[in-house]
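Residues per chain are reported as follows:
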Amino acid sequence: MKRKIMTTLLLISYATMSEVWAMPDASPPTVSFNIDHIWVLLSAALVFFMQAGFKAFEVGMVRAEHGNAVAIKNLIDWIIGSLIFLFIGFGIMFGKSSYGLIGTDLFFGIGVQDNPEGSGLGTIFFLFQIAFATTALTIVSGAMSERTGFIPYMTASAIVAVVIYPVFGHWVWGNLFYEDNPAWLADLGFIDFAGSTVVHSIGAWVGLVGIWIIGPRLGRFDSHGNPKEFKPANYSYSVLGLLILWLGWWGFNGGSQLALDGAVGDIILNTNIAGAAAGLVAFFHCYWFQNRKDLYPKFLGGIIGGLVAITACCANVNHFGALAVGLTAGLVHNYGYDLILYKLKLDDPVGAIPVHGFCGVWGTLCVALFGQLGPETSRLTQLGIQALGVSVAFVFTITVSYVMFTLLKKTIGLRVSPDEEKYGIIIGGEANMGEEEEEMEMSEEELLQLMK
Amino acid sequence: MKRKIMTTLLLISYATMSEVWAMPDASPPTVSFNIDHIWVLLSAALVFFMQAGFKAFEVGMVRAEHGNAVAIKNLIDWIIGSLIFLFIGFGIMFGKSSYGLIGTDLFFGIGVQDNPEGSGLGTIFFLFQIAFATTALTIVSGAMSERTGFIPYMTASAIVAVVIYPVFGHWVWGNLFYEDNPAWLADLGFIDFAGSTVVHSIGAWVGLVGIWIIGPRLGRFDSHGNPKEFKPANYSYSVLGLLILWLGWWGFNGGSQLALDGAVGDIILNTNIAGAAAGLVAFFHCYWFQNRKDLYPKFLGGIIGGLVAITACCANVNHFGALAVGLTAGLVHNYGYDLILYKLKLDDPVGAIPVHGFCGVWGTLCVALFGQLGPETSRLTQLGIQALGVSVAFVFTITVSYVMFTLLKKTIGLRVSPDEEKYGIIIGGEANMGEEEEEMEMSEEELLQLMK
Amino acid sequence: MKRKIMTTLLLISYATMSEVWAMPDASPPTVSFNIDHIWVLLSAALVFFMQAGFKAFEVGMVRAEHGNAVAIKNLIDWIIGSLIFLFIGFGIMFGKSSYGLIGTDLFFGIGVQDNPEGSGLGTIFFLFQIAFATTALTIVSGAMSERTGFIPYMTASAIVAVVIYPVFGHWVWGNLFYEDNPAWLADLGFIDFAGSTVVHSIGAWVGLVGIWIIGPRLGRFDSHGNPKEFKPANYSYSVLGLLILWLGWWGFNGGSQLALDGAVGDIILNTNIAGAAAGLVAFFHCYWFQNRKDLYPKFLGGIIGGLVAITACCANVNHFGALAVGLTAGLVHNYGYDLILYKLKLDDPVGAIPVHGFCGVWGTLCVALFGQLGPETSRLTQLGIQALGVSVAFVFTITVSYVMFTLLKKTIGLRVSPDEEKYGIIIGGEANMGEEEEEMEMSEEELLQLMK
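Chains as they are written, first to last, in full-length UniProt numbering: chain A, 1 to 452; chain B, 1 to 452; chain C, 1 to 452.
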């Protein structure tokens with residue numbers, strides 16, 4: 001019966017859609033394709049590949065039995081996020097602005113080929129931005145891993161892709177496609193070159209609200225509120241993920257120039273310097289000043305924190321500035337890590353908040369602290385503008401996320417069952433895994449004993 | 001003694017070959033290298049990288065103890081396949097045609113630099129095609145994993161690289177290098193842009209015959225013919241492989257344009273849309289209509305199925321067409337999966353047949369169903385042509401593969417020992433692994449008990 | 001208190017550095033960016049990605065409990081190596097030469113944008129060379145894995161990055177940046193296109209001295225001096241690493257052309273041929289002539305050996321020459337493997353010495369044996385020059401490494417505790433891992449029993 005309905009629906013849509021899908025794409029303005037196009041296209045590929053990096057990083061950092069669910073969630077995140085952003089979010093972020101608040105055209109990919117004006121990037125810019133948007137989503141998935149249900153998570157992901165990310169993005173980057181769009185934060189002078197705030201902090205603040213509302217994983221904190229050791233599956237696999245992410249950052253920052261010119265090499269060099277310097281500081285700061293506690297996650301997180309921080313300012317600092325950004329970002333990360341885990345007692349399994357949130361903020365401020373500014377802008381003025389942008393991002397994201405997660409919690413619920421948390425989330429449950437599930441039930445007591 | 005013979009042979013060959021290897025390569029026609037060249041070169045790199053994707057995907061899908069053998073087989077596949085295709089297969093596929101049946105020059109890489117005419121791609125086209133050919137081989141390896149012997153497998157692989165793949169390829173793409181070559185299926189109007197049929201289905205049909213002749217893995221089906229659960233090693237590792245494959249597809253489809261022009265962005269966007277849409281449908285179709293049974297493999301397979309399907313038609317549908325191709329491919333995959341496993345009771349450990357076979361066929365038909373056709377071609381006519389091409393591929397591949405596997409079975413045998421199947425194939429056997437092997441024998445009884 | 005000091009230091013440095021980091025980068029000579037620039041930039045990205053390849057390869061080859069430490073070391077290697085080479089090593093290698101011995105400017109990245117003359121590569125060349133330098137370091141880390149302490153290892157790494165690699169590099173490639181620099185080995189006619197000797201052998205010889213001075217892993221050889229089986233964690237993961245390395249080699253060799261011209265396709269094709277041929281020979285030579293002993297490591301090592309060997313000569317052999325280089329390199333690798341392990345009884349867990357050392361030497365000699373030489377150079381003369389270069393590399397590296405490791409051994413010590421060797425090195429020790437450590441101590445006896 002169900003099948004008949006589906007078949008009928010398919011046939012009807014085929015008939016009615018008739019030639020819609022065969023319509024030739026609007027031909028792009030005649031442009032001579034050059035190295036700018038291929039550079040942005042390959043940067044889009046590198047940013048897409050960061051999905052694999054996040055996947056491996058997160059799977060390595062969560063407990064072994066949760067690896068499969070984390071990976072599957074990452075994948076569905078990319079799938080849903082990319083489709084939704086492609087069909088709706090992109091228009092909200094880059095479309096013709098309505099009062100500077102949201103974009104109002106370019107939906108369903110219609111019209112994306114005509115711009116950005118003169119560049120002829122068209123679909124390539126579109127691909128690049130889709131890859132960017134899904135990066136923000138993946139950050140949320142990491143923070144909330146090991147206890148969030150699949151359907152509520154996916155719903156949240158879709159809302160981020162259609163509301164939170166593109167609306168704030170419109171305020172900063174809304175003039176990238178239509179040059180004459182207002183973008184009020186950019187118009188004030190707010191600079192976030194490749195998205196320390198627009199991409200990374202946004203993702204982190206959604207995650208922050210998420211882990212606050214859903215609460216820690218079962219048994220993460222003892223009765224005194226001290227964290228108990230949850231063994232990460234495999235640090236070495238996280239290192240693989242980190243190196244893929246780093247590679248992706250060549251495209252993330254380098255591609256944001258939207259051209260291959262003399263600046264790209266410096267942007268990538270700055271990216272490398274900041275990542276390396278932040279990792280170095282995070283490592284030795286933890287080694288010498290923090291009793292080597294959580295040394296591996298701080299080292300790995302510190303590196304990514306440095307990459308996040310330089311993202312905003314990679315195009316307006318020189319090598320020494322990049323070094324300064326990296327060195328300080330390493331410290332910001334380590335203190336932020338302790339703040340989240342030991343002071344606020346929030347459970348962020350992959351360390352997403354200190355990395356993408358705090359280092360994202362720091363990097364955005366570094367634009368004013370270390371960057372080359374216009375001749376008439378004082379560092380203090382710029383610092384104020386940067387702080388404003390960062391605050392707007394925080395308040396806006398926190399507010400919308402709070403409403404979103406609260407509603408989800410009260411309706412479909414956010415959390416998986418305690419059993420699933422202990423033995424690993426299996427999306428789709430028993431039927432998915434067949435007999436294996438039985439084995440798991442049999443060994444439950446045994447596992448419980450082991451966990452005592 | 002053996003060593004002396006080898007040394008002597010080496011010295012003789014060095015002497016006789018004298019300056020052969022130092023001969024300068026025939027200088028390519030003077031061309032100005034441009035973004036087309038670098039795009040196809042990088043696409044070749046991406047397609048080569050798909051080897052890593054297949055490797056990780058397959059290792060994650062087979063049982064843990066078979067991971068090493070699967071990985072080693074993948075590697076030797078690439079090595080043997082690439083050398084054989086490079087020296088012989090390429091000539092058969094793209095060489096000067098003999099009665100439209102097979103190509104007859106360009107062997108040993110001689111002459112590959114002179115064409116395709118005017119483009120100056122030369123060696124870069126050669127590299128791209130080598131990477132393509134080995135993709136087809138890898139599909140076979142996945143389907144037959146966990147029970148096929150190493151030497152028979154390698155022999156089959158070599159035959160596919162020298163006969164099956166390039167001969168059928170000659171009929172469709174034989175005019176890519178020499179424009180005036182006849183390519184009878186292409187000449188009839190058969191369209192397979194980047195190889196849903198030429199690469200993917202061919203690989204799948206060889207695998208289909210292979211798993212039919214070699215039979216299922218020991219214990220895969222119970223006495224009633226129902227499949228028993230064989231636990232995949234690590235879905236999250238398969239997700240890594242899938243993401244690498246997806247990245248590779250940017251080059252697989254985008255590079256098949258053999259230029260970087262305005263179409264490439266749309267081709268890649270279509271690829272992304274179809275993969276995402278197919279995954280979405282495969283997931284929720286299984287979740288809501290198939291009792292969530294085999295949810296993970298259907299989700300992963302569905303995504304790849306969507307990517308396979310769009311491969312034939314990515315250059316002649318628009319975004320809506322790509323969406324339609326993807327949505328339907330997800331269904332094709334799920335029904336195909338059940339058909340193979342539950343109806344035909346064939347044992348395809350990595351799900352290669354529904355993905356590369358059925359979705360390959362579907363995608364090739366979608367050229368007619370959803371694609372933009374020439375002004376004088378009706379959808380029905382084109383559908384007939386597409387169906388003809390698909391059928392020829394099926395019949396030709398099935399026939400040759402049947403002869404090949406039957407001969408291999410009757411001569412050197414196809415299958416490893418039951419012990420190797422149970423405890424993991426170790427290519428080269430005991431000597432390879434040293435003492436470890438002994439441990440394994442010791443624990444055999446224990447393992448048997450566990451398996452009861 | 002510590003924190004106050006740090007804060008004060010940071011504030012002081014911020015004040016004094018004032019505008020240093022905001023100084024605009026010296027503007028590069030006005031160049032029109034073209035495909036040469038993007039090709040070398042992407043090659044740099046591919047070479048950087050080799051870090052992930054080495055990581056995965058090594059983690060798969062060591063015992064499972066050492067995977068995390070190996071991965072973390074690889075990462076810190078890249079971080080420290082890239083920073084040090086960036087700020088100091090690059091200047092020593094490519095700076096204005098002092099008597100042909102060492103370079104004397106270009107430190108801290110100052111001036112790197114002005115050259116190589118005419119090419120406008122500037123920072124892109126810089127990025128490419130940084131990625132190269134860290135490759136050499138990683139080789140050392142592999143050879144010495146599973147027993148070297150973290151601080152001594154890092155110190156050694158820094159010394160290699162600042163002394164050994166750039167000084168020898170200056171003698172061969174010192175004229176790449178300033179064309180009129182003397183580079184005495186290059187001036188003699190020594191050819192090492194992409195670094196079989198300059199990168200690979202240098203890394204291997206440092207590692208050779210390292211494993212000789214530090215000695216084998218505990219229990220690696222029995223009382224008769226025969227190696228005992230140490231189970232590699234996961235060959236299939238090493239295969240992933242190998243495929244990433246292979247992909248990286250497209251950039252390693254192809255990018256060394258420093259342009260995208262007609263030679264690049266052939267260079268990459270040669271690279272593929274040699275890797276494949278060497279793997280084939282290593283496999284079947286071991287299979288048929290060496291009792292299949294150590295088949296997997298020989299196969300994997302043979303492939304990488306072929307890639308290492310072709311590195312020196314990929315630009316001056318044709319396809320047949322590449323085949324000859326690969327076929328012979330496979331044999332060199334297998335005999336070298338046995339020499340190191342069974343004759344010299346040196347413990348090289350990942351097989352770095354035969355791969356990067358012996359095959360590096362062989363490939364450098366192959367320039368004379370199989371390459372196309374100038375009209376007035378006899379093969380024998382060239383062979384002499386190549387042998388000289390190879391010998392200088394060996395003697396220089398061995399000498400400096402010997403002094404370095406001896407001093408390190410006598411001061412801070414090279415080796416971790418026996419406990420760490422047995423149960424896996426945890427950098428930062430107990431504090432890093434929290435309670436987990438306790439568990440480990442509890443299960444120690446159990447583990448010991450298992451190991452009997």
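Just so you know, the hints here were simulated from the structure itself, not pulled from any lab data.
Note that the structure is predicted; figures quoted are calculated from it, not measured.
Be aware that one or more of the hints could be misleading.
Since copy identity is lost for identical chains, a pair holds within one copy or between any two.
Once the Cα atoms are required to be at most 30 Å apart in a straight line, the calculated DSSO-like pairs of lysine-lysine come out as [stated by the list, open to error]:
| id | residue 1 | residue 2 |
| --- | --- | --- |
| 1 | K293 | K409 |
| 2 | K96 | K345 |
| 3 | K96 | K343 |
| 4 | K231 | K96 |
| 5 | K4 | K409 |
| 6 | K409 | K96 |
| 7 | K231 | K4 |
| 8 | K231 | K422 |
Status of each hint after checking the structure:
1. K293 to K409: between (34 Å within a copy, 27 Å between copies)
2. K96 to K345: neither (43 Å within a copy, 55 Å between copies)
3. K96 to K343: neither (44 Å within a copy, 53 Å between copies)
4. K231 to K96: For K231 and K96, the Cα distance exceeds 30 Å both inside one copy (49 Å) and across copies (51 Å).
5. K4 to K409: Neither: 35 Å inside a copy, 44 Å across copies.
6. K409 to K96: Neither: 35 Å inside a chain and 66 Å across chains, both beyond 30 Å.
7. K231 to K4: neither (49 Å within a copy, 34 Å between copies)
8. K231 to K422: For K231 and K422, both the intra-copy (13 Å) and inter-copy (20 Å) Cα distances are at most 30 Å.
Violation of the numbered hints given earlier is confined to hints 2, 3, 4, 5, 6, 7; the remaining hints are satisfied by the structure.
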